[in-house]
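2 protein chains.
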Amino acid sequence: MKLLEDRIVKDGIVGAGNVLKVDCFLNHQIDVALISELGKEFYRRFQGEGINKILTIEASGIGIACLTAPYFNVPVVFAKKSKTKNIAGDVYVSKVTSFTHGTTHDIIVSKKFLNKNDRVLIIDDFLARGQALLGLIDLVEAAGATVVGAGIVIEKSWQEGAKLIRERGIRLESLARIASMDVDTGVTFVKD
Amino acid sequence: MKLLEDRIVKDGIVGAGNVLKVDCFLNHQIDVALISELGKEFYRRFQGEGINKILTIEASGIGIACLTAPYFNVPVVFAKKSKTKNIAGDVYVSKVTSFTHGTTHDIIVSKKFLNKNDRVLIIDDFLARGQALLGLIDLVEAAGATVVGAGIVIEKSWQEGAKLIRERGIRLESLARIASMDVDTGVTFVKD
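Protein chains in written order, with my numbering: chain F, 1 to 192; chain L, 1 to 192.
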């Protein structure tokens, strides 16, 4: 999506260790006009699929999901990162490993908010190794619901996440796909 | 605001220990159509005040802020709850005590996203003891920016937060003000 790629080139900062800082429009300060355009694009790609719920994960996914949901006229559910030990009961639980932080934590969603009739679009800001997204897919499948697809703002295409998601049979739509990036030369996008 | 009060009566669940669960429309599942109406109401109350930025705190505030910001046509900045020790530098830091969780943690915002010319509307889901909101006010004032006001979805009016905020000279607009609540009899609102 050219609007997004142009913004990444203009305002994204490539740091050491494969870090792309987009905190001035995506995940600390949020340019709601831009994100609303991304939401419209997710709608263009996924409309007609009978989506009745958008699932994301706190914190950075929430704004994107909330600015996408009005186009679909559906509620948002956000999974929570749990600090406490969860006993089986009123929540679905999945484990997510963060390679960035070197930690594993539970993500949870209340059983009240996912059920077998749901057709779910999963939204998140980044896809790299795919662990958070795989965790969200697990939550939907634990509920017996259907993952219609995953809408990602920025995919780091050289990492394994995109491949892992497609191997699970999940339709993946990433609005910007980065082929490579470098502190000196910046970002190169995948040519479609 | 009657629309919100009616929804709290219909779907809110009063639990032991002054807990009001509104996770089916506000802070786990998000009814974006309802929250967008709340955003419109914040705009009605604060328009004409030259607001150029909305500040909130992760995670529950983000959706509300993002559905309010389009009316003002301004960006959202969300403060982060920091798990790491912050050395003075590129972020403003404030301490917030959570009585619910019995913890104190730092909240931070990048200095890039608050500056002295900003006229800031602070948005959050709940106001009870007021510690999170006071922390957000501290961040704005540390930047030399102006707090135009605070927009809260649900105020627990019998707790000290609302009084503390008004004593700081901050304009406070809460869309639902709960006078008292009880597991058996439910919620009573403040009569205006």
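Hint data in this document are derived by calculation from the structure and do not stem from the laboratory. Be aware that one or more of the hints could be misleading.
Each pair may be met inside one copy or between any two copies, as identical chains are not told apart.
What the hints assert, rightly or not - Think about it this way: if two alpha-carbon atoms lie no more than 35 Å apart in a straight line, the pair counts; the simulated DSBU-like pairs of lysine-lysine are:
1. Lys-40 / Lys-112
2. Lys-191 / Lys-116
3. Lys-10 / Lys-112
4. Lys-191 / Lys-112
5. Lys-116 / Lys-21
Comparing the hints with the structure gives:
For a Cα distance limit of 35 Å, the shortest separation of Lys-40 from Lys-112 qualifies both inside one copy, at 28 Å, and across copies, at 28 Å. Proximity of Lys-191 to Lys-116 under the C-alpha cut-off of 35 Å is found in neither arrangement, the shortest distances being 38 Å within a copy and 42 Å between copies. When the C-alpha separation of Lys-10 and Lys-112 is checked against a cutoff of 35 Å, the pair qualifies only between copies, where the shortest distance is 16 Å, while the shortest distance within a copy is 42 Å. With identical chains, the CA atoms of Lys-191 and Lys-112 are at most 35 Å apart between copies only, with a shortest distance of 33 Å across copies and 42 Å within one.
Within a single copy, Lys-116 and Lys-21 get their C-alpha atoms only as close as 37 Å, which misses the 35 Å cut-off; across copies the closest is 24 Å, which meets it.
Of the numbered hints stated above, the single one contradicted by the structure is hint 2.
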